[in-house]
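Keeping the supplied structure of chain H fixed, place chain Y upon it in accordance with the hints.
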Amino acid sequence: MTVGVSDLAEDLWRGLEALALPAPVIRLGVTGLSRAGKTVFITNLVANLLERGRMPQLTARDRIEAVYLQPQPDMTLPRFALEDHLAAMTGDDPRWPQSTRAVSELRLSFRVRGRGFLGGMTGPRVLHVDIVDYPGEWLLDLSLLDKSYEDWSEGVLARITRRAEAAAFMALARAEDGSLALEEPKAIDLAASFTRYLVAARAAGWSDCTPGRFLLPGDLAGSPVLTFAPLPKPASTGRGSLYAEMQVRFEAYKAQVVRPFFRDHFARIDRQVVLVDVLGAIHQGPRAVEDLRRTMAEVLAAFRPGQNGWLDWMLGGKRVERILFAATKADHLHHRQHAALTAITEALLRDAKARADFAGAETMALSLASLRCTVEEEISRGGETLDAVRGRLADGRVVAMYPGELPGDPARILAPAREGAEKWLNADFALMAFSPSRVARKPGEGPPHIRLDRAAEFLVGDRL
Amino acid sequence: MSEEPRLKGPALIEVGGEVAPESFIEAPEGRAMAGVRALASRRASGFARFAGWVFGSLFSLVLTVAAWNFVTGLFAANPWLGGLASVLLVLAVGVVLVLVVGELLAFSRLARLDSIRVQALHAAEVGDLAKARAVLGRLEALYHKREPMAWARARLAERQGEVLDADALLRLAEVELILPLDDLARAEVEAAARQVATVTALIPLALADVATALVSNLRMIRRVAEIYGGRAGSLGSWRLLRRVFLSLVATGAVALTDDLLGSFAGGGILSRLSRRFGEGVVNGALTARVGLAAMEICRPLPFVAAERPGVSATVSRALAGLFGARDQA
Numbered sequence: 001m002t003v004g005v006s007d008l009a010e011d012l013w014r015g016l017e018a019l020a021l022p023a024p025v026i027r028l029g030v031t032g033l034s035r036a037g038k039t040v041f042i043t044n045l046v047a048n049l050l051e052r053g054r055m056p057q058l059t060a061r062d063r064i065e066a067v068y069l070q071p072q073p074d075m076t077l078p079r080f081a082l083e084d085h086l087a088a089m090t091g092d093d094p095r096w097p098q099s100t101r102a103v104s105e106l107r108l109s110f111r112v113r114g115r116g117f118l119g120g121m122t123g124p125r126v127l128h129v130d131i132v133d134y135p136g137e138w139l140l141d142l143s144l145l146d147k148s149y150e151d152w153s154e155g156v157l158a159r160i161t162r163r164a165e166a167a168a169f170m171a172l173a174r175a176e177d178g179s180l181a182l183e184e185p186k187a188i189d190l191a192a193s194f195t196r197y198l199v200a201a202r203a204a205g206w207s208d209c210t211p212g213r214f215l216l217p218g219d220l221a222g223s224p225v226l227t228f229a230p231l232p233k234p235a236s237t238g239r240g241s242l243y244a245e246m247q248v249r250f251e252a253y254k255a256q257v258v259r260p261f262f263r264d265h266f267a268r269i270d271r272q273v274v275l276v277d278v279l280g281a282i283h284q285g286p287r288a289v290e291d292l293r294r295t296m297a298e299v300l301a302a303f304r305p306g307q308n309g310w311l312d313w314m315l316g317g318k319r320v321e322r323i324l325f326a327a328t329k330a331d332h333l334h335h336r337q338h339a340a341l342t343a344i345t346e347a348l349l350r351d352a353k354a355r356a357d358f359a360g361a362e363t364m365a366l367s368l369a370s371l372r373c374t375v376e377e378e379i380s381r382g383g384e385t386l387d388a389v390r391g392r393l394a395d396g397r398v399v400a401m402y403p404g405e406l407p408g409d410p411a412r413i414l415a416p417a418r419e420g421a422e423k424w425l426n427a428d429f430a431l432m433a434f435s436p437s438r439v440a441r442k443p444g445e446g447p448p449h450i451r452l453d454r455a456a457e458f459l460v461g462d463r464l
Numbered sequence: 001m002s003e004e005p006r007l008k009g010p011a012l013i014e015v016g017g018e019v020a021p022e023s024f025i026e027a028p029e030g031r032a033m034a035g036v037r038a039l040a041s042r043r044a045s046g047f048a049r050f051a052g053w054v055f056g057s058l059f060s061l062v063l064t065v066a067a068w069n070f071v072t073g074l075f076a077a078n079p080w081l082g083g084l085a086s087v088l089l090v091l092a093v094g095v096v097l098v099l100v101v102g103e104l105l106a107f108s109r110l111a112r113l114d115s116i117r118v119q120a121l122h123a124a125e126v127g128d129l130a131k132a133r134a135v136l137g138r139l140e141a142l143y144h145k146r147e148p149m150a151w152a153r154a155r156l157a158e159r160q161g162e163v164l165d166a167d168a169l170l171r172l173a174e175v176e177l178i179l180p181l182d183d184l185a186r187a188e189v190e191a192a193a194r195q196v197a198t199v200t201a202l203i204p205l206a207l208a209d210v211a212t213a214l215v216s217n218l219r220m221i222r223r224v225a226e227i228y229g230g231r232a233g234s235l236g237s238w239r240l241l242r243r244v245f246l247s248l249v250a251t252g253a254v255a256l257t258d259d260l261l262g263s264f265a266g267g268g269i270l271s272r273l274s275r276r277f278g279e280g281v282v283n284g285a286l287t288a289r290v291g292l293a294a295m296e297i298c299r300p301l302p303f304v305a306a307e308r309p310g311v312s313a314t315v316s317r318a319l320a321g322l323f324g325a326r327d328q329a
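Those protein sequences? They're chains H and Y, same order as listed. Residues 1 to 464, numbered by the numbering used here, are exactly what the first sequence covers, in order. Residues 1 to 329, numbered by the numbering used here, are exactly what the second sequence covers, in order.
Next up, chain H with everything else stripped away, as it sits in the complex (with noise of 0.2 Å):
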């Protein structure tokens, strides 16, 4: 009925911003790690903005006059392969585009009529959005900030000494006694050996698999700073023995690859997607999702949630305002289990939400696809209905699916797999890798997509 006073605020600063301010920019962080599917998301996103037929949530659509691809503010970085990414996923022979191996940029600028007391008075404001792509596997560093040698060393033996793609790294890391003199040949062979088992890990559908970078060296492979690997602590570590070594490439590893990639590319955004592989983790067994919620922790643990203040603003801090934590892959599912897996990821990442929660960041948690590549279809088995999905395998076969029931506590999830469980108790769940398929699109349409528009409406609609 009346106009209250905070909109009117709001109004007033929107206008200001308008008149006197450069345009606002949002730096939109994904996060996820390798195979969560970060690329397919920033795809489909830029390109849905881009063409706003499919975004019905985007409650700004009407408002929003043009949206243009500009290019990127950092002259050092590429420029996101939005186009080649699309032509694969959309393409003829659609497929999934190739796993990211560097660092790539893509700022996307909004043109927006204004709404409101001010609105009218002064026309359309722009707001640019910047979106960074990287490798997963280098996100995994981030929990390595605040570790010393020791710790990770520690936690990184005790935890692989079971694992049965870690058994030749073991025996040649129990053989070494890190209180005898660096010799380089067997440090480049531990490293080599360890880069083996992160290798054939991550392989196998484990998550910690730090050092990122050992396996997406770049440019830095074959350097000492990637010439390290964990070793058990011996009883003296005397200077320029091989342990001390280790802890100093360990220490410069942080400091020189690690930090400048979180410097340059985290520390400053202020609106974050947590991407998150929840099915695939199920599908794989309590350790598996054990290991990600374990690792998701400690990766988000890096980040600083929070409101943006006047003074942070001055200062030129940042803090995430608002986090959204996204169970990818929804598609697979049919959508009357997406509230189950929206409920086991909130229940996965519940103490970077706590934690966000508390700091005064939004957060929310949903379950999307990206791209969708199924359809929902009812199949009967044993003359019961089963809510399944049709989609195509990347032999051609197109099946219909239907993954095993998820649990609606999501405590029948979570506690087998911190208690260390072998498998699920009295639960299956198979999962099949669908291509994306062939879709005839509408002048006007983006790519097909599930909760799409309602994430792109959490992360930036409320500047818009």
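In case anyone wonders, no lab produced these hints; they're calculated from the structure. Hints should not be assumed to be uniformly reliable.
[Said to hold, decoys possible] In silico contact screen, one side only, chain Y against chain H (beta carbon under 8 Å); selected entries: (1) L129; (2) R159; (3) D165; (4) A168; (5) L172.
Keep in mind the model is a prediction, meaning the values are calculated, not measured. Virtual Cβ for every residue (Gly too), placed ideally from N, Cα, C.
Frame of chain H; chain Y shown alone:
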């Protein structure tokens, strides 16, 4: 609608006529609309209802007996005339039946709007997509005959399969189907407010302004209901008017003179210029408020995606043309 608001109604009406001892100018209280309100929200006492029932029964008995005597008497006097009279009588009964059926259908249409709204609220609350889809199916059935909405329905049908959240689906339906209807309904409300304001400002007769206000309000409510898909008959409109006033009383929105708008437009500057002028503005504002309440009652979906239209905005738009602020109304 429990007992409490019903008891409150008359008390509010009585208070409206009093004059504060220290005020020199009598504040306009929208007398015409107060009359309408008194008519609409009057609640008969038990005895009055009994009396009404007794007199009604007596009257219909007399009518039936008289008609019977008339026809049989006519038969005795002249079989031809008697036959004609009985045919006419049968036709008259048929007409009454048709009217009654029409009114009943109108009631059921209005009830359907209510039940759709309740179902939509429930679906959004539970987050059940199947229920939300059922609501959309009922909306589709409600509007499938309307040619101007064909595009909106086609767009909705196209997008429907992609939205997998109950609240988002209902919001989509509201944006596509209901928002255009909102504009029509609001135009209707503004027209009625303007009419009531003009008439009560210009007609000096004491009861004539109440009558015009009543007719305008009834017509407005009826049109609003028609726009949202519940063609209300005459009894239905009357019942809607009662419901609107009861809901206004329940929310306390009917005490207009202490409203911001009332004191500004009516009690303030305008009434100092001309008492009748202020009277007109207040009556118009009340009509707008009645109209907005009617929109809320008739709308098949609750206001979620759209904001509830505000009374002040509607009134200022409605009256802008009237008092020469803008040419176009």
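**Prompt:** Out of the numbered hints, which ones does the structure contradict?
**Reply:** Hint check: nothing fails, all pass.
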